[in-house]
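Asker: These protein sequence lines map, in sequence, to chains A and B. To get the working numbering, take the position in the first sequence, counting from 1, and add 374. To get the working numbering, take the position in the second sequence, counting from 1, and add 613.
In short, the hints are calculated from the structure, not lab data. Even glycine gets a Cβ: it sits at the ideal position worked out from N, Cα and C. The reader is advised that the hints may include incorrect statements.
Unchecked claim - Sample of chain A residues at the chain B side, in silico, Cβ under 7 Å:
hint, residue
1, E406
2, I408
3, G411
4, N455
5, V456
Claimed, not checked - Part of the chain B face toward chain A, derived, beta carbon under 8 Å:
hint, residue
6, R638
7, L640
8, S641
9, L712
10, Q723
11, F728
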Amino acid sequence: MNARVLVAKPGLDGHDRGAKIVARTLRDAGFEVIYTGIRQEPALIARMAAQEDVDIVGLSILSGAHIALTRSTVAALKEANVGHAKIIVGGTVPEADIAKLKELGAADVFPTGTRMEDLVSRCRALVEERNKPLNERRQGQRRNAAFPGAVRR
Amino acid sequence: MSAGRASAETLLSQAQSGDEAALGRLLSLVEKGGEPAQEISRHCHPKTGGAFTLGVTGAPGAGKSTLTSSLATVLRERGFRLAILAIDPSSPTSGGAILGDRVRMATHAQDDDVFIRSMATRGNLGGLSVATSGAVRVLDAAGFDWIIVETVGVGQVELAISRAADTTLVVLNPGWGDEVQAAKAGLLEIADLFAINKADREGTEQTERELRQMLSLRSSQSDWSPSITCTVATRGESVETLLDNIIEHRQWMEENGELDERRASRAWSELEQLVIARLVREASEMLTPGNHPDLARDLADKSTDPVTAAAALHKSHFPKRTAG
Numbered sequence: 375m376n377a378r379v380l381v382a383k384p385g386l387d388g389h390d391r392g393a394k395i396v397a398r399t400l401r402d403a404g405f406e407v408i409y410t411g412i413r414q415e416p417a418l419i420a421r422m423a424a425q426e427d428v429d430i431v432g433l434s435i436l437s438g439a440h441i442a443l444t445r446s447t448v449a450a451l452k453e454a455n456v457g458h459a460k461i462i463v464g465g466t467v468p469e470a471d472i473a474k475l476k477e478l479g480a481a482d483v484f485p486t487g488t489r490m491e492d493l494v495s496r497c498r499a500l501v502e503e504r505n506k507p508l509n510e511r512r513q514g515q516r517r518n519a520a521f522p523g524a525v526r527r
Numbered sequence: 614m615s616a617g618r619a620s621a622e623t624l625l626s627q628a629q630s631g632d633e634a635a636l637g638r639l640l641s642l643v644e645k646g647g648e649p650a651q652e653i654s655r656h657c658h659p660k661t662g663g664a665f666t667l668g669v670t671g672a673p674g675a676g677k678s679t680l681t682s683s684l685a686t687v688l689r690e691r692g693f694r695l696a697i698l699a700i701d702p703s704s705p706t707s708g709g710a711i712l713g714d715r716v717r718m719a720t721h722a723q724d725d726d727v728f729i730r731s732m733a734t735r736g737n738l739g740g741l742s743v744a745t746s747g748a749v750r751v752l753d754a755a756g757f758d759w760i761i762v763e764t765v766g767v768g769q770v771e772l773a774i775s776r777a778a779d780t781t782l783v784v785l786n787p788g789w790g791d792e793v794q795a796a797k798a799g800l801l802e803i804a805d806l807f808a809i810n811k812a813d814r815e816g817t818e819q820t821e822r823e824l825r826q827m828l829s830l831r832s833s834q835s836d837w838s839p840s841i842t843c844t845v846a847t848r849g850e851s852v853e854t855l856l857d858n859i860i861e862h863r864q865w866m867e868e869n870g871e872l873d874e875r876r877a878s879r880a881w882s883e884l885e886q887l888v889i890a891r892l893v894r895e896a897s898e899m900l901t902p903g904n905h906p907d908l909a910r911d912l913a914d915k916s917t918d919p920v921t922a923a924a925a926l927h928k929s930h931f932p933k934r935t936a937g
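Let the hints inform the model, and build the full structure from the sequences given.
Answerer: What follows is the structure in structure tokens.
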């Protein structure tokens with residue numbers, strides 16, 4: 375299946391151990407993981423996601439700025455015609471913010487302490503969902519996946 | 614995948630007008646293979662020939678990514694648009710991969726005229742993936758001036774890259790006398806140019822001397838003699854010179870018809886690889902364990918032997934061919 379995941383660290387915190395563990399775990403589960411390093415701007419993360427045509431964009435955030443960074447990454451991905459990629463957020467996310475992140479467009483949230491098995495199985499589920507034939511998905515919402523370039527910059 | 618609905622033609626024209634998501638999608642479809650990949654190949658092949666493809670290979674840790682990034686900087690200073698294909702190995706057990714070459718190419722992250730794509734080998738040997746040539750074809754058709762293909766770090770027999778690139782650059786390091794010895798096995802034959810990278814380290818001159826000696830011994834019909842450039846990629850030192858040498862090789866190939874010859878034989882060898890890949894797939898389907906319980910039992914109780922059984926099996930599946 376060869377699902378592709380971008381693991382990115384937006385914002386200013388430089389703690390990348392979590393991101394690296396996630397990258398290795400997903401690799402060992404058979405994912406192709408594009409690792410980008412620390413301190414990435416949302417616009418550049420979106421550009422990488424476009425070039426690499428990933429199924430999932432993983433954001434590792436420990437700075438507390440997860441709401442703002444997720445919001446701007448979701449916007450940047452749409453801007454770069456990769457609105458079809460699923461966003462997952464990991465890091466120090468308080469329980470109360472999970473719903474908010476999902477509302478902003480995160481497909482799933484993995485706060486500190488998430489079991490790696492859960493991470494893997496939920497990522498697999500996201501990829502399966504993305505690969506479902508067009509007619510099985512809700513109309514309209516997925517238009518850009520069928521025509522990635524339909525919305526011009 | 615649903616994006617197959619956007620035709621290859623549409624995606625390609627979007628890619629040509631700078632839509633990186635469309636180009637990214639094309640490359641994924643090429644990697645996936647099958648009918649969409651064929652359609653893309655059909656559309657792209659006639660539009661190729663504008664880009665010059667440089668292959669960068671060498672041992673792990675030699676500085677291929679950093680050198681590729683520095684070369685990209687110099688190419689950009691000279692006004693070229695370029696694409697980089699960075700290839701990393703897939704894990705043989707899980708099939709997964711960590712593709713981390715981009716980390717060393719971060720200086721180009723904001724440059725709209727540098728497109729970077731990471732590829733996993735997906736089980737292919739020789740430092741490239743099966744889809745590398747197809748990916749180069751898409752990037753060429755998309756209109757880049759230069760394409761740099763950075764291979765997996767390899768030791769001795771890294772021949773695949775010379776079948777996917779116009780010019781092959783081999784990256785070595787100082788103090789690698791033994792590696793240079795080992796290089797006799799393969800790298801020496803495929804190198805059009807050498808870079809001795811990390812040349813601020815001890816042993817650069819000796820490595821260069823040994824390499825020159827080795828090159829003088831090689832029996833080559835070509836009148837091109839590979840240049841050696843000592844570089845410090847992290848500081849960009851002598852990378853200008855390296856690019857000049859690469860361009861000199863390009864001009865030499867253009868003048869004597871070598872470039873056209875190489876490109877023609879490259880297309881043929883890609884065809885060979887693809888046919889072989891199909892046959893291997895066919896054979897492994899034929900050999901699915903459980904399909905031949907009788908044969909397995911006969912082998913186990915020694916009423917037949919592997920050589921005889923292989924010949925019989927081959928004959929029964931391909932009756933028109935003579936068993937070897």
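Asker: Now look at each hint and say whether the structure bears it out.
Answerer: Verification of the supplied hints:
Interface restraint check: A:E406 against chain B, minimum CB-CB distance 5 Å, threshold 7 Å, status holds. Nearest Cβ of chain B to the Cβ of A:I408: about 5 Å, under the 7 Å cut. The hint holds. The beta carbon of A:G411 is positioned within 7 Å of a beta carbon in chain B (closest approach about 4 Å), and the interface hint is therefore held. Checking A:N455 against chain B: minimum C-beta separation of about 4 Å stays under 7 Å; hint holds.
Taken as an interface hint, A:V456 checks out: its beta carbon lies about 5 Å from the nearest beta carbon of chain B, inside 7 Å. The beta carbon of B:R638 comes within 5 Å of a beta carbon in chain A, closer than 8 Å, and the hint placing it at the interface holds. For B:L640, the shortest C-beta to C-beta distance to chain A is roughly 7 Å, which falls under 8 Å, so the interface hint holds. Interface restraint check: B:S641 against chain A, minimum CB-CB distance 4 Å, threshold 8 Å, status holds.
Taken as an interface hint, B:L712 checks out: its beta carbon lies about 5 Å from the nearest beta carbon of chain A, inside 8 Å. A distance limit of 8 Å between C-beta atoms decides the matter here; for B:Q723 the minimum to chain A is near 7 Å, and the interface restraint holds. A least Cβ separation of about 6 Å between B:F728 and chain A falls short of the 8 Å threshold, and the interface hint therefore holds.
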